[in-house]
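A.B. asks: Letter by letter, the chains look like this.
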Amino acid sequence: MEIALVFGIPLLGGLVLALVGHKRWAPEVNALMSFATFCAAALLTAKVVADGPMTALDEQFFVDPFNVFLVALTAFVGFTTALFSRPYMRIEEHHGRVNAARLRLYHSMYQLFSFTMVLCLLSNNVGILWVALEGATLSTVLLVSLYRTPASLEAAWKYFILCSVGIAQALFGVILLYFAAEKVLGPGGTSLLWTHLYDVRHQLEPTVLSLAFVFLLVGYGTKVGLVPLHNWLPDAHAEGPTPISAVLSGLLLNVALYAVVRSKVLVDGALGTGFSGNLMMGFGLLSVVVAAFFLSRQKDIKRMFAYSSIEHMGIMTFAFGMGGQVAAFAGLLHMTVHSLTKSAIFFAVGHAAQKVGTQVMDDIRGLVEISPRVGWGLALGTFAILGMPPFGVFASEFMILTTAMHEHSWATPFLLAALGVAFAAIFRKVQPMVFGETTAARLPHPPALAPVFVHLALVLMLGLYIPPYLAGWYRQAAALIG
Amino acid sequence: MTTSLSQQLVNLLAAALLLIAFAMLSQRRVLSLIRLFAWQGMALGASTAIVAYSTAQHHLYYSAALTVALKVVLLPWILHRLIDKLYVRWDVETLINIPTTMLVGIGLAIFAFALATPISEMASTVTHSTLGIALASVLLSFLMMIVRRKAVPQVIGFLSMENGLFFAATSATYGMPLVVELGVALDVLVGTFIFGIFFFHIREQFDSLEIRHMEKLKED
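Chains as they are written, first to last, in this note's numbering: chain A, 1 to 482; chain B, 483 to 702.
Where hints are given, some of them may not hold.
Listed below are the simulated BS3-like cross-link pairs for lysine-lysine, each with C-alpha atoms no more than 27 Å apart in a straight line [said to hold, decoys possible]:
#1 B:Lys567 / B:Lys632
#2 B:Lys700 / B:Lys632
#3 A:Lys429 / A:Lys299
#4 A:Lys429 / B:Lys698
#5 B:Lys698 / B:Lys632
#6 A:Lys429 / B:Lys700
#7 B:Lys700 / A:Lys299
#8 B:Lys567 / A:Lys299
I should point out that these hints are in silico values taken from the structure, not numbers from a laboratory. These figures come from a predicted structure and were not determined experimentally.
Looking at chain B on its own, in the form it has when it is part of the complex:
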């Protein structure tokens, strides 16, 4: 594989990542959200593997394997189990103002590119042009967490933010040291478990997973 071909492939996958981030922003079904999240993990894993191949950075293979194992297999599986047990598999969220959210999202993407341009010019990696996309998908996931009113989509937003961050790490620097990546992956996994426990506590207490029940604590 030549460098330019792999570069184009990485760019293609990066574009897919950004599209998926936008799709998640507007997706109402919990089930489809989990599917999108798994696809995002797949795009991330594939792009990491391509970078590993074209630059002969062997530690990136581990990173890619870790991404696929965690974000395509394990986390979606946990999420599927959770929505089954919580009986929210067929939940459809009423999102108001999808067009406005999308417009804000486009604004965020432009902002992310403007912020990342000076840095990606300095980067010597084959993937340097994708740093803007990585930052954009972090910000889009952030936006998703803000606009969602239910607990499960908020958590998926959080997990997809972590995807964006991993992508930023591979595009700017060929990945963080392995020990750090393992640590971050452990945190994400434990975090998801705790979120899962939490869902049950919340439902037991409020009979629903809507965040609006949990907006009582504020200054009066």
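One chain only, chain A, in its complex shape:
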């Protein structure tokens, strides 16, 4: 019942907003729908905490500690982003960058995107997960090109082509997985269900699964933004509306990584070797290093933080690749704090860019002076994402680094160097944007900054104190995937 609500509400929201999305009060409807989704997700979480994992609707949907925490996170960030998008899109309309028809498209697709995200997470069917992840691309591609500028069209085209081709590789991986599963579970719908596959993972044919994993990793890895498949990511983040950048970084990348990690668990069971883990560690480390070096060359602020997302997704992929309970725990924590911090940063960046009228970092100066809250929001968010204590990113990165030193000491220098380079690059660029002289006008609508500070407060809390039920939850999930 709760499961049906969690994905039913955004689906309904998408349909309703397709009709009324251009109305003056549509942003409120959008936020309300996202709030309802969040409430349903909270109910679902409470139920799973009380009763343990469950399946629903003829086993087509399932909830376990791993996905329920991501559902809660997804619904929460979806809700706060909808709150942020309320004044943000109004200001964009005021600036003449979008019209009523495009706002209708925007609101409807925003809800459909949320729908595909929770469907990915809750679906027990590997094939439906694929369909929903492709649906996520389809629902956001027209949003990336919402402004219809040459650059945004180019970004959207790249996003569409690269992600579709990438995910086609993942479909081949799914076919191979089904091929291996069918031998054990027999033909029919049940042999693509995660729960069934998980039970027989030790009996699956190793050769087929290792090939399947390569295809799945390349396919879903394109969506995660792993180097060298990351080309679409900075463009799509920089050219689309900022709420979309926030949900791409905060939700889509996480969900794609979720798909990779789920596949890894099966493949590890079948192979009993470190094959999948080593592949993920390699891709993760490469992403961290390459993204860190690209950071200093960026001129566009959203593009820079997009590269920072690649870097952090690399760290998570590396952590899940190492395996083991501690690393998996740290990876899950990092997923949470990165998602919260990065979306908070995008909220602040969005309003900052609106105030100054540009995304070029050299032209953004003295945010603290024009709008202290935007300025401090960006400054604190940057501190958090750079892994400064006492924010939560520090805690998760610290755990990942210490585990790496223990188990894969060769990787530590690369990680440390990349984190250092990233720190220098981002800090050097953000510092003059926040402090310094400025000339900028007031915004026509008061910016939404509550989401920024709520997110940062949560990240701060996770750095200082993880509530016992949350820690228990992470531990259960880590036991499942570690």
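Following the hints, position chain B against chain A.
C.D. replies: Below, chain B without anything else, positioned relative to chain A:
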């Protein structure tokens, strides 16, 4: 129909599929590309139907019907409408180095067979020998997307990649569960619509459908 006859028929259709993939790689005319794409869909649908008949897998009949409806009728029709409205019906693309592309394509086909051999040996389906062909046509469509400089042929490449994947599903496993196939078909259909909308946006903005106008965003 005996198993060996149907097996031979499936192999024949698989060979046709691979030939069509090669033909698409070298075809310059947009109109002929759409025609080839429809034929590829036809070969796919026919082979699925034969497998359904010879193995009495009834869900494969639905899959075959879906393939024909979508890939022989609906998608080519949409593409025809699109190239009419975009006035690119008679477009001829200047492809450089067709021989090199073909050689690379042959290399890819060999690679695909090498990759698929261990798996197709494990498969118990009557169609197991065609898995290599399926993978080869996926990779050839991939190559086509890389070498094409115009938007419409790139999209046809993408759609034909989906054909290869469906063929892989029938040859390795007698098809995916129906709910998944329906989902994938829905994605492909919606995707084609969005590509269509996109063509108009691109042309409005750049006055042409050439991809080279859209290579400005890069690291400097």
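A.B. asks: Now tell me if each hint is right for this structure.
C.D. replies: Do the hints match the structure? See the list:
1. B:Lys567 / B:Lys632: Roughly 16 Å between the alpha carbons, so the hint for lysine 567 of chain B and lysine 632 of chain B holds.
2. B:Lys700 / B:Lys632: holds (19 Å)
3. A:Lys429 / A:Lys299: holds (9 Å)
4. A:Lys429 / B:Lys698: With Cα atoms ~24 Å apart, lysine 429 of chain A and lysine 698 of chain B stay inside 27 Å; holds.
5. B:Lys698 / B:Lys632: Holds, because 16 Å separates the two Cα atoms, which is no more than 27 Å.
6. A:Lys429 / B:Lys700: holds (20 Å)
7. B:Lys700 / A:Lys299: holds (12 Å)
8. B:Lys567 / A:Lys299: Outside the cut-off at roughly 39 Å; violated.
The structure is inconsistent with hint 8 alone, although it conforms to all the rest.
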